[in-house]
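Since the structure of chain A is already known, use the hints to place chain B on it.
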Amino acid sequence: MMTVIAAHGLRKEFTVRVKVGWLRRDRRTVAAVDGVDLAIERGEMVGYIGPNGAGKSTTLKMLTGVLTPTAGQISVCGFSPVRQRTRLARRIGVVFGQRSQLWWDLPLRESFDLLRHIYRVPPAEHAVRLRRCRSLLDLDEFLDTPVRQLSLGQRMRGELTAALLHGPEVLFLDEPTIGLDVVSKQAVRGFLAELGATGDVTLMLTTHDLADIEKLCRRLLVIDHGRVVHDGTIEALHARYGSRRRVVVELESPEAPPEVPGATLTVVSPLRFEYDLTGATAGELLVRLAGLPIRDVSIVEPDIEDVVARLYTGVPVTDAP
Amino acid sequence: MRAYWALLRGQARSQTSYRLSFAIDFVSNVWATVLDVFTVFVLFGVTRSLGGLDLREALVVTGMSACAFATGDMLVGNIERITLYVRTGRFDAVLVRPLRALPQLVLLDLPLHKLSRAAFGTTVYLVALGAADVAWTPSRVLLAVVAPVGGVVFFGAVFVITASVAFWWTESGEFGNAFTYGGRDFTSYPISVYSGWFRNAFAYGLGFAFVSYYPALALLGKPDPIGLPGWVGWLAPLVALPATAAAALIWRAGLRRYTSTGS
Chain A
1 MMTVIAAHGL
11 RKEFTVRVKV
21 GWLRRDRRTV
31 AAVDGVDLAI
41 ERGEMVGYIG
51 PNGAGKSTTL
61 KMLTGVLTPT
71 AGQISVCGFS
81 PVRQRTRLAR
91 RIGVVFGQRS
101 QLWWDLPLRE
111 SFDLLRHIYR
121 VPPAEHAVRL
131 RRCRSLLDLD
141 EFLDTPVRQL
151 SLGQRMRGEL
161 TAALLHGPEV
171 LFLDEPTIGL
181 DVVSKQAVRG
191 FLAELGATGD
201 VTLMLTTHDL
211 ADIEKLCRRL
221 LVIDHGRVVH
231 DGTIEALHAR
241 YGSRRRVVVE
251 LESPEAPPEV
261 PGATLTVVSP
271 LRFEYDLTGA
281 TAGELLVRLA
291 GLPIRDVSIV
301 EPDIEDVVAR
311 LYTGVPVTDA
321 P
Chain B
1 MRAYWALLRG
11 QARSQTSYRL
21 SFAIDFVSNV
31 WATVLDVFTV
41 FVLFGVTRSL
51 GGLDLREALV
61 VTGMSACAFA
71 TGDMLVGNIE
81 RITLYVRTGR
91 FDAVLVRPLR
101 ALPQLVLLDL
111 PLHKLSRAAF
121 GTTVYLVALG
131 AADVAWTPSR
141 VLLAVVAPVG
151 GVVFFGAVFV
161 ITASVAFWWT
171 ESGEFGNAFT
181 YGGRDFTSYP
191 ISVYSGWFRN
201 AFAYGLGFAF
211 VSYYPALALL
221 GKPDPIGLPG
231 WVGWLAPLVA
241 LPATAAAALI
251 WRAGLRRYTS
261 TGS
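Going down the list, the protein sequences come from chains A and B.
With full-length UniProt numbering, letter number 203 in the first sequence gets 203, and the count goes up by one each step, no holes.
With full-length UniProt numbering, letter number 78 in the second sequence gets 78, and the count goes up by one each step, no holes.
Read the hints as simulated data drawn from the structure, not as lab findings.
Any given hint could turn out to be false.
[To be verified] Beyond 12 Å from chain B on every Cβ pair, some chain A residues (computed): (1) 28; (2) 116; (3) 197; (4) 262.
[As the list claims (entries may be wrong)] Some, not all, of what chain A presents toward chain B, calculated at C-beta under 7 Å: (5) 83; (6) 94; (7) 103; (8) 118.
Quick reminder that beta carbons are idealized off the backbone N, C-alpha and C, glycines included.
For reference, chain A alone in the conformation it holds in the complex (with noise of 0.2 Å):
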């Protein structure tokens, strides 16, 4: 394994200035990012979530090279990304949502060409890697548009494609498939887990829709205020905020449902009960329901959304039990 992204003690400071009376303004250092330490592995797809204002966006410009850091130390892919920005930007790949590779005036095709000399990218790898990106992101019917002209998902996936047609061995994406609708967004995330499927390129995105996480990333990444609050998987963030799969059980006839040891009963109407599994598995508490007239079953996964509303709001979870 080898570590592409590290970063210790990461901190960004901004001032900003405060309206305190009718003219007198008031500086305040605010530390958008306050102490983050990173280690992310090659091949790795990770998600980089929190609340707006979190230091979401701020920690993926420090490691792309764009914000000089206020303290800490950065390496991506064995470069200073501020001092070494122009030898760290042929290796990296980098979607703003907001802010655009692409020539404005010109059609798509042309940005993609203009693209490849000044990444100086050999030809024939990048009619490969064109080619790969037309077919998976069906880019054919808008190619000779201008790209102002273009829908925001067909801008998107122009974007994805600008970004990649380099061979960039690490990809940061900032919020990939905001405004998209629902095919976009299928089309953006299919493409991106082809692409992390593939194991060679380092996959960092930052997003609100959690769809995004539970489809491509194994490991999450939540900061809050500055400060990763969580860093593991998504089950693992269930488990420390104590979120439970829930067994929904509807019967035939009315009977009294049994309590179960290690499952939290909650009784919906005569005919529908929900055990919250806090300790039992699913299997050890069917077995126990098994007298029941029972008409169906289903078992309900915890909501990620849920819990990550749950941090977001501040609201104090239970640690892990």
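The following block gives chain B in isolation, referenced to the frame of chain A:
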């Protein structure tokens, strides 16, 4: 180098995709310089001598200034659009490319329609040189070429310095114009027409006297009424060097300070 060429190609293709507006810009850009020259003629309608120079001699100063400014403005002037890039955060997209930021910004929006103005400025300079009584020597020919080139570099540096202010002061607005367009107006006339602290600050403090006035004096073989020795004119183009160094330092400091915008 090929990479920067690609940027230029992209810009040329983008601009010419709006053909009519390009043509209008191309033609209308000449007017600013026409007016500058016209102003000199008007001044000589009321006086026979301006700061010790007659009309043809004064036109050498104006022509050299116009040539240097118009060319510098075409090549580097659009760096002032950095305020837009910084304010909107579009500068992020510039910084994630494997190219240096300054040449990228300059080439990304290179205003090719200003080519007409640079050509007109150069024509005025050449005509003025032909009309004035210059006792041509090999060294004067060299100076006649080097001086406007130094002026282009000098104005380029001024554009970069004033644009860098955007990194500290996002809404810098018209502040920079005082030094860029103000500098052009200052260098259009013999500096001996100005006086007091204003002349000293602009001419010597900021170095604008060495862009067109002193090189023109050396070309024309005229003494300086302010009293600087004759060799000053020959060394004047060197003022581009400290200006460039200052521009590079300020630009780099600005880049480090860039704070982007939320997204």
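Evaluation of the provided hints:
The beta carbon of residue 28 of chain A is kept farther than 12 Å from every beta carbon of chain B, the shortest such distance being approximately 14 Å. Here residue 116 of chain A does not stay apart from chain B, with its beta-carbon only about 8 Å from theirs, under the 12 Å limit. Residue placement check: residue 197 of chain A keeps its beta carbon more than 12 Å from all beta carbons of chain B (closest about 25 Å). In this structure residue 262 of chain A is separated from chain B by more than 12 Å, as the shortest Cβ-Cβ distance comes to about 45 Å.
At about 11 Å, the closest approach between the beta carbon of residue 83 of chain A and any beta carbon in chain B exceeds 7 Å, and the interface hint on this residue is violated. The beta carbon of residue 94 of chain A is positioned within 7 Å of a beta carbon in chain B (closest approach about 4 Å), and the interface hint is therefore held. Taken as an interface hint, residue 103 of chain A checks out: its beta carbon lies about 5 Å from the nearest beta carbon of chain B, inside 7 Å. Because the beta carbon of residue 118 of chain A sits about 5 Å from the nearest beta carbon in chain B, less than 7 Å, this interface hint is met.
In summary, the structure is inconsistent with hints 2, 5 from the numbered list given earlier, while agreeing with the others.
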